[in-house]
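Quick mapping for you: the protein sequence lines, in order, are chains A and B.
First residue of the first sequence: 1, per UniProt numbering; consecutive thereafter.
First residue of the second sequence: 1, per UniProt numbering; consecutive thereafter.
No wet-lab data here; the hints were simulated from the structure.
Cβ atoms here follow ideal geometry from the backbone N, Cα and C, with glycine treated the same way.
It is possible that part of the hints are untrue.
Said to hold, decoys possible - Covered by chain A, per the in silico footprint, the following chain B stretches (three or more residues, Cβ under 8 angstroms):
(1) 37–45
(2) 77–89
As the list claims (entries may be wrong) - Derived Cβ-Cβ restraints for the label pairs, each shown as a range:
(3) V613/A - H27/B: 39 to 45 angstroms
(4) G626/A - S91/B: 23 to 29 angstroms
(5) H27/B - K610/A: 55 to 61 angstroms
(6) N90/B - G626/A: 35 to 41 angstroms
(7) G626/A - F66/B: 30 to 36 angstroms
(8) L656/A - A12/B: 16 to 22 angstroms
(9) L10/B - F631/A: 36 to 42 angstroms
(10) V653/A - A12/B: 26 to 32 angstroms
(11) K96/B - S632/A: 38 to 44 angstroms
(12) I13/B - L656/A: 39 to 45 angstroms
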Amino acid sequence: MIQNAWLIPVFPLIAFLILLFFGRFLKEKAAYVGIAGLGLSFIVSVMVLFERIGGETYTYVIEWITFGESTITMGYEVTPLNAMMLIVVTLVSLVVHIFSREYMHDDKRIHVFYSYLGLFSFSMLGLVLAPNVLQLFIFWELVGLCSFLLVGFWYFKPEAAAAAKKAFLTTRIGDVGLLLGLVILFNQTGSFDYGEIFAAVENGLINDTLLTAIALLIFMGAVGKSAQFPLHVWLPDAMEGPTPVSALIHAATMVAAGVYLVGVMYPLFLASPTAMTVVAYTGAITAFFAATMALVMTDIKRVLAYSTISQLGFMILALGTAGYVAGLFHLMTHAFFKALLFLGAGSVIYAVHHRQDIRDMGGLWGKMKITAVTFLIGSLAIAGVFPLAGFWSKEEILASALLNGDGFLFAIALVTAFMTAFYMFRLFFKTFTGEYRGGDHDDPHANDPGVEAQGAASVAEADNPRDDSVDQDRVPPAEDHGHHDAPKENSGFMTFPLIVLASLAVVAGFVNAPFLGHQLEGFLIQGLNVGAQPHGELWLAFLSLAVAGGGIALAWAMYYKGAIAEDFFASKAPGVHKLLINKYYLDEVYVAVFVRPTVAIGRFFWEMDKSIVDGIVNLIGRSTRGTGRSFSRGHNGQLQTYGLVSILGGLVVIALAFVIRGYFG
Amino acid sequence: MVPISLFLSLAAILFCIGLYGVLTRRHLVIVLASIELMLNSVNINLVAFSAIGPFANISGQVFTLFVITVAAAEAAVGLAILIALYRNRNSIDVIKHDLLRW
């Protein structure tokens, strides 16, 4: 089966093509085409994984372009890392396909939605299977395109259109770096193949400065795609897309592509200590700052978005501190529990009629049991509670930060782990416990004054200068479920994916559990020279648990028990709170520093073009027309005038002939 | 022997009268007649040179016969066009026929 690994991306591609041409006729049935395509992909992926566990790396390439001494190939490759990613991508994509069947069924463009999902799955799987960096780059850009299309799926909402544009342009900045890095790499090694690149690195064919530059440029691509500081600003805005898209693209797969990129290029990074340091610190800073912002957000999807950024920061931090397996392990576990959390959030949002503000929720525990329980499992997993998936991977990241990093990195990771537990349970308690604050008002305005008064507990946030997008009415015009009654559990299409992902969030950690002998590690590092993998002592596991428990306890005290007022911290440090709620004013800074000057320069050149370049062209045109008009006045259709002019002209010619040439004489 | 200059002067005078008619008359029939006049002035030139020119020979007279034939044909076609024009536009005033304007 491993020889037929190429089938994995082909099934979603076929689904995409079918929906592209016949989607209009299929309408809601389009969902089943997508589900079937991904289902087949998933089955093949599982078979490939099992075959790979017992076998060798399989590579199949054909020559694509040959020039000079270089040959560029295309094909596919099944390495341990690929095999793991294939499972993650196809599984999450499959459950998202199933989930969307219910979530999107009121949308008139559901077939378009599924065709985009198919194209995305194809691109992502193609990215994973790529045997060389050039092919990876091609699919890298394709997933970026799909992200753009899906974030802007509700393009008639101005915020969604703006978010799609922002996501595309921001990641493009990173992609420029990636492309530059690849060009230098090709220039130095004459090949795009991983094997040849790593051989060149190992043999010291690239000098150290250049190597560091290449690694940093490639890392730029990862920073853009994985929403690392300072290019993280697009991911929270990308939450304007449909929630299943957030689960698939902006939590589990595409944003993890940056981490995956660092993973596949790992020998390159290992060869440059400077690059490793930059990677580690970028990850740590991102993890910390994103987590601080997640503490104060009130939009359920934005909390999860910042959490995603923070967790991606964790993975990058692990990779930067030589924790190759730790980072990729966390990538896998995070894909499961974060997709679970996003789909759970989608289930909640669907049930409360497309409201996303957690101040309008509450008390959903009894109303939607399956969603609540699975969400709790997801929250426990991300907080790092034994024995759920997040515990194992987070503990390894802490170990790698402690053993290979410095005290600063470890401290940041620990603080972030604490904040992770806190903000996740703040979200959980506010959404699922207490009284339902959504009320029965028909018009679901998040900013309805009545809601503020009702939700007495939300005093802390009541006076926050929230940003515009949160205040907007978030109901897309095309949607009306016609069931404006109390929230209730959704159908099996939505709960089944939650149950699947929740089970994975429970068991996925065991694949690399120490007492089972680090199975995943043994699998991932075979044939790779990535150094010894750091493993923490037992006390680290207890410390990690204590931190998670502390975060959960604080959230419990503040948002469930009420022992500490909800606005305790906000009132103690209003400046900090204001800073966080405004996302460190980074968006404003970017607008002032980059966007405005760019627009101003553009406008300047536009004016130049309009007045000077166009002016000259228009002047030529206008003078030609003027000349024509003045001559056309002589063209009056009067035969005798023409005759007279001809005769006079003939006479002039004859006269000239006489005078100048002396003819006839 | 009548000097050739007298023939040429006559032809030149006739030509100028014809030209004047073509350029100034508004009645199309008169314009056509004036063209005939110009053609005939040329015929006089040809015949004169044929008889007493520096290289006198018969081809000038032959050419004259051709010119007369062509002139007759031209007059026939011209008058036919003129009648068609009159039927269509109810006028044979040369000023009023300015369809070839831009």
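Hints, one by one, checked against the model:
With 0 residues bearing a CB less than 8 angstroms from a CB of chain A, the region 37–45 of chain B misses the requirement of three and the coverage assertion fails. Judged by the Cβ-Cβ criterion of 8 angstroms, the region 77–89 of chain B is not covered by chain A as claimed, because only 0 of its residues qualify and three are needed. The given range of 39 to 45 angstroms is broken by V613/A and H27/B, whose C-beta atoms sit roughly 57 angstroms from each other. Remark: the range hint 23 to 29 angstroms for G626/A to S91/B is contradicted by a beta-carbon distance near 35 angstroms.
Checking the proposed 55 to 61 angstroms range against H27/B and K610/A shows it holds: the Cβ atoms sit about 58 angstroms from each other. At about 38 angstroms, the CB distance of N90/B to G626/A agrees with the hint of 35 to 41 angstroms. Checked against the hint of 30 to 36 angstroms, the pair G626/A and F66/B fails, with Cβ atoms roughly 48 angstroms apart. Remark: the range hint 16 to 22 angstroms for L656/A to A12/B is upheld by a beta-carbon distance near 20 angstroms.
For the pair L10/B and F631/A, the beta carbons lie near 40 angstroms from each other, so the given range of 36 to 42 angstroms is met. Between V653/A and A12/B the beta carbons are some 18 angstroms apart, a value that contradicts the proposed interval 26 to 32 angstroms. Distance hint check: the CB atoms of K96/B and S632/A are about 20 angstroms apart, inconsistent with the given range 38 to 44 angstroms. A beta carbon spacing of about 25 angstroms between I13/B and L656/A contradicts the range 39 to 45 angstroms that was offered as a hint.
The structure fails hints 1, 2, 3, 4, 7, 10, 11 and 12 (numbered hints given earlier, in ascending order).
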